[in-house]
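K.L.:
The lines below spell out each chain.
There are 2 protein chains.
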Amino acid sequence: MRISELSARSGVSVATLKYYLREGLLHAGLATSATTATYDESHLERVRLIRALLDSGGLSVAAARRVTDALDTPPPARHDLLGVAHGALSGGPLSPAEGSAATAAAALVDALGWHVGICAPARAELERALAAAAAGGLEVPARDLTAYARAMHKVAEVDVRGVPRDSAAAALRHVVVGTVLLDPVLLALRRLAQEDVSSRTPS
Amino acid sequence: MRISELSARSGVSVATLKYYLREGLLHAGLATSATTATYDESHLERVRLIRALLDSGGLSVAAARRVTDALDTPPPARHDLLGVAHGALSGGPLSPAEGSAATAAAALVDALGWHVGICAPARAELERALAAAAAGGLEVPARDLTAYARAMHKVAEVDVRGVPRDSAAAALRHVVVGTVLLDPVLLALRRLAQEDVSSRTPS
Numbered sequence: 001m002r003i004s005e006l007s008a009r010s011g012v013s014v015a016t017l018k019y020y021l022r023e024g025l026l027h028a029g030l031a032t033s034a035t036t037a038t039y040d041e042s043h044l045e046r047v048r049l050i051r052a053l054l055d056s057g058g059l060s061v062a063a064a065r066r067v068t069d070a071l072d073t074p075p076p077a078r079h080d081l082l083g084v085a086h087g088a089l090s091g092g093p094l095s096p097a098e099g100s101a102a103t104a105a106a107a108l109v110d111a112l113g114w115h116v117g118i119c120a121p122a123r124a125e126l127e128r129a130l131a132a133a134a135a136g137g138l139e140v141p142a143r144d145l146t147a148y149a150r151a152m153h154k155v156a157e158v159d160v161r162g163v164p165r166d167s168a169a170a171a172l173r174h175v176v177v178g179t180v181l182l183d184p185v186l187l188a189l190r191r192l193a194q195e196d197v198s199s200r201t202p203s
Numbered sequence: 001m002r003i004s005e006l007s008a009r010s011g012v013s014v015a016t017l018k019y020y021l022r023e024g025l026l027h028a029g030l031a032t033s034a035t036t037a038t039y040d041e042s043h044l045e046r047v048r049l050i051r052a053l054l055d056s057g058g059l060s061v062a063a064a065r066r067v068t069d070a071l072d073t074p075p076p077a078r079h080d081l082l083g084v085a086h087g088a089l090s091g092g093p094l095s096p097a098e099g100s101a102a103t104a105a106a107a108l109v110d111a112l113g114w115h116v117g118i119c120a121p122a123r124a125e126l127e128r129a130l131a132a133a134a135a136g137g138l139e140v141p142a143r144d145l146t147a148y149a150r151a152m153h154k155v156a157e158v159d160v161r162g163v164p165r166d167s168a169a170a171a172l173r174h175v176v177v178g179t180v181l182l183d184p185v186l187l188a189l190r191r192l193a194q195e196d197v198s199s200r201t202p203s
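These protein sequence lines are chains R and W, in that order.
The opening position of the first sequence corresponds to residue 1 in UniProt numbering, with each subsequent residue numbered one higher.
The opening position of the second sequence corresponds to residue 1 in UniProt numbering, with each subsequent residue numbered one higher.
Next comes chain R alone, as it looks inside the complex (with noise of 0.2 Å):
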């Protein structure tokens, strides 16, 4: 299709599909010309995913990027799929300076006897968190962020239950996607829950 058709199906407008093509989040169409491509499904798909991460998921341009960098090099290793992920939603691992400072982060991942690696994103992620949180006036108890862990951890399983096993470029894709877009999903069920768990408390 020309890229007036794929602006029409994604309605994303062809200002924007161009940006996004000079950006590297979308890859080149297949040139016809000195001046034109044409596209296919495949860029449909990926138009599609841009503006979920970055509408819904509040992705960064550089962010996004990283993400559809992920997803056209998936590494070979499955397990390696989340690092991969992680890092391309996070901006990239733990510095070792930062790594020595996460103090909090470690103790809970000691506490619960998690399997994390020791330059894991996400616990330079939690770490930055809490400091927020507590700069913010907000102390958690270790008794509550406890109780958090094992409730993500619940998520967590549905989350990895949900990994495709076919090939890795999927698997990632999945990863990647779930993980952006049902953040917003998971934090509205928080707000539903607290509405019925604090009608159900005398006040």
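Quick caveat, the hints were computed from the structure, so don't treat them as lab data.
Hints should not be assumed to be uniformly reliable.
To be verified - Derived list of chain R stretches under chain W, where covered just means 3 residues or more per stretch with a C-beta under 8 Å from a C-beta of chain W: (1) 42-50; (2) 113-119; (3) 122-132; (4) 154-160; (5) 187-200.
Ideal placement from N, C-alpha and C gives every residue a C-beta, glycine not left out.
Mind docking chain W on chain R? Use the hints.
P.N.:
Only chain W this time, still in chain R's reference frame:
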């Protein structure tokens, strides 16, 4: 204290503090002349909260303004706290048109037997998040959505248990700050737990 000291203690520039004052995020100081005012600990605490909402919470200035407005005028009835907090965070309740379209959220809430108001902002949030996931190529099976919901109910039980019961203002602050600032903590825990589950899953 003078605005220069408020700036030094909060780490926020004087120009930015004046912006917060103009936008109504920060309450005015006590005027000591036509051009100067004095600030106290309540201003310092508020500036720290504003930074947390904007930085870690990722809120827009308009959303942060709704949060601080809500904090300054807490509702008289305790059970209205969550509605005010969620309304401030989500941008408002469902419109009637959105409400009638929110079928996936309604079906889930019904199936779980949760007590959630028909116009709760979180219903709209869930509906939009599910629609965005579907647009990005991710349909969540009903069985998985139910499992996610049960896990987030555990999170909400911890959330509501921690709400202070002494004053409506303190309770509202806890709910708003806890919701915004713990979202990133929960999402980081999800990623850590994914690593643990994945490491225990034979590849």
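K.L.:
Sort out which numbered hints this structure fails and list those numbers smallest first.
P.N.:
none
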